[in-house]
Amino acid sequence: MSAPFEEHELLPRPLHDERARQQFVGAFRGHLASRLMPGNYAVYRARVEPGFEREHGRKPADRHEVRAAMQREPSYQFWSAMQRRSQELMWESVIDPTERLLPELVARAKRLARRAGRTARGSLALDPGCVVPRYHTAADIHLQPGGYHTEFTDDDVAAGAVYDRALNIYSAGGTGPRNEVLGELLLNYCRERYPELQPARLLDMGCAIGNSTLPWARAYPDCEVHAIDVAAPQLRYAHARARALGVGVHFSQQNAERTSFPDGHFDVVVSHIMLHETSRSALANILRECLRLLRPGGLMLHLEIPRGRTPLEKFLYNWETWNNNETFAGYMTDADLAALAQDAGFAPDRVEFVDHVVRRSREQRLYSEEPYWKILVARR
Amino acid sequence: MARRAPPKKSSPAKRAPGKPGKAAKSAAPRSARPAKPRLAAAPTAPVRIARVSKGKKPQYFSDPAIDKLLWISLTLMEELSVTRDRLDTVERLLDSRRVLRTSDIEGYTPTEAAARERSDRRTAYVDRVLRAAQAELEEITGRDMPASEADVIAAVEA
Chain P
2 MSAPFEEHEL
12 LPRPLHDERA
22 RQQFVGAFRG
32 HLASRLMPGN
42 YAVYRARVEP
52 GFEREHGRKP
62 ADRHEVRAAM
72 QREPSYQFWS
82 AMQRRSQELM
92 WESVIDPTER
102 LLPELVARAK
112 RLARRAGRTA
122 RGSLALDPGC
132 VVPRYHTAAD
142 IHLQPGGYHT
152 EFTDDDVAAG
162 AVYDRALNIY
172 SAGGTGPRNE
182 VLGELLLNYC
192 RERYPELQPA
202 RLLDMGCAIG
212 NSTLPWARAY
222 PDCEVHAIDV
232 AAPQLRYAHA
242 RARALGVGVH
252 FSQQNAERTS
262 FPDGHFDVVV
272 SHIMLHETSR
282 SALANILREC
292 LRLLRPGGLM
302 LHLEIPRGRT
312 PLEKFLYNWE
322 TWNNNETFAG
332 YMTDADLAAL
342 AQDAGFAPDR
352 VEFVDHVVRR
362 SREQRLYSEE
372 PYWKILVARR
Chain B
609 MARRAPPKKS
619 SPAKRAPGKP
629 GKAAKSAAPR
639 SARPAKPRLA
649 AAPTAPVRIA
659 RVSKGKKPQY
669 FSDPAIDKLL
679 WISLTLMEEL
689 SVTRDRLDTV
699 ERLLDSRRVL
709 RTSDIEGYTP
719 TEAAARERSD
729 RRTAYVDRVL
739 RAAQAELEEI
749 TGRDMPASEA
759 DVIAAVEA
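First to last, the protein sequences are chains P and B.
Residue 238 in our numbering sits at position 237 of the first sequence; the count goes up by one each step and never skips.
Residue 746 in our numbering sits at position 138 of the second sequence; the count goes up by one each step and never skips.
So here's chain P without its partners, still in its complex pose (with noise of 0.2 Å):
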């Protein structure tokens, strides 16, 4: 098991049914996961793959075929359809609460927001002229309704609030007490690899509730660490998380692929599972602006989702794809994203796209049978 969601102060508390309600999809999801999920190879092994065979003469080649032929399967279906299900209970459980307190939570970012002293560090600053980009608005990321970037009433916070109690739902705990497990997982990563790197300015890029930069701030603690995001909900949120953690980080509303920096000014760029929430031509503008953004010698970090080895596993992971909105997953699947650093204008020899396996539970593998990440690693 792992340890409990720490609460802090911005977390919205749970009501008796609300919080059995959270407890059901976590259950439910868990289930999903390591009694269910397993399940599509088994039935691909046993039926689906030699069904394909006896037709073809041949196993089938890519994720495409895999789909074609997973998606006429009874089994497959009824799995995908409780996974979807899932994942729009688990936004709905953790939305009940956060609509019945959302004037405290409002009130309550803004208290911490003015907050003076010693915690008092970091700042917020939003720009009401940044435009949303299409890969936001098109469709719900994720499936959460009105995505990152929607705001319900004024100086909303609720974007926030519940994506950072669904994280915790999502990753049936993986994400850690304090949903900092990818902060840490890279970070963890930097040091071992650069252990003499002390960055004096470090960016974080896509940084949501700001859960994977805070790690980075404590960890430097005379570094100066920045954090963006286009979803203004988002920036309140984590401004007034940092500050209830008493951490400073400087969070601003910008678009990754075209900041207000200066040229040079980062020692190190890093986003964590974001690129793939973007586009194509977005994606090449965000590597460009990182090469950019970093002084001569400067280390640029992206930590990426697996997308499966073989055209089964990569049909599985791309199941977020279809049924989560995460429409330019896909692409990503296909993607040499080390190629693309070097169209960015990063040195051949400077760039690494890495496998980097970690341990979770079964509850938290979502499917694959060993879990792994990926960065992509580069120096300017």
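Where hints are given, some of them may not hold.
Unchecked claim - Here are the computed lysine-lysine pairs in the DSBU-like style, where the Cα-Cα straight-line distance is at most 30 Å:
| hint | chain 1 | residue 1 | chain 2 | residue 2 |
| --- | --- | --- | --- | --- |
| 1 | B | 664 | B | 676 |
| 2 | B | 676 | P | 375 |
| 3 | P | 375 | B | 664 |
Claimed, not checked - Just the calculated beta-carbon pair ranges, DEER-fashion:
| hint | chain 1 | residue 1 | chain 2 | residue 2 | range |
| --- | --- | --- | --- | --- | --- |
| 4 | P | 48 | B | 747 | 31 to 37 Å |
| 5 | P | 198 | B | 703 | 56 to 62 Å |
| 6 | B | 702 | P | 310 | 53 to 59 Å |
Just so you know, these hints were derived from the structure itself, not from any lab.
Ideal placement from N, C-alpha and C gives every residue a C-beta, glycine not left out.
Take the given structure of chain P and dock chain B to it, following the hints.
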């Protein structure tokens, strides 16, 4: 459902709810300080957060009705789990405090007020379980879940 309590101090003489018409404005005596619109004077509707995500909805089964039925039964499954948790909490608390026995529960009849609260909760419950159907209606009408049958007909006909 969060409902904001009506304002304690009502001042109908000073400010009627909504914007006063031009005639009303000219008829009213001019006060020395023009009154600012006060947010607290009129009950504000609670903020609603969207419950349905934007994007293409996949169809999982040959008949879309099966998708909806699964949606509904999974929600029922959730609600039953919630109810059992709540009952479990109540029964354990009662037992630990030696307050009542199971036979007390069997013999209980709700008061009028209790019955009304129960009814409100039941309505909210039906709303939650049948959201699959409401979501479709929302997409057609582009409006929030209509409250009454007349609203539904008006929304569809509009």
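Would you list, in rising numerical order, the hints stated earlier that this structure does not obey? Those not satisfied come down to hint 2.
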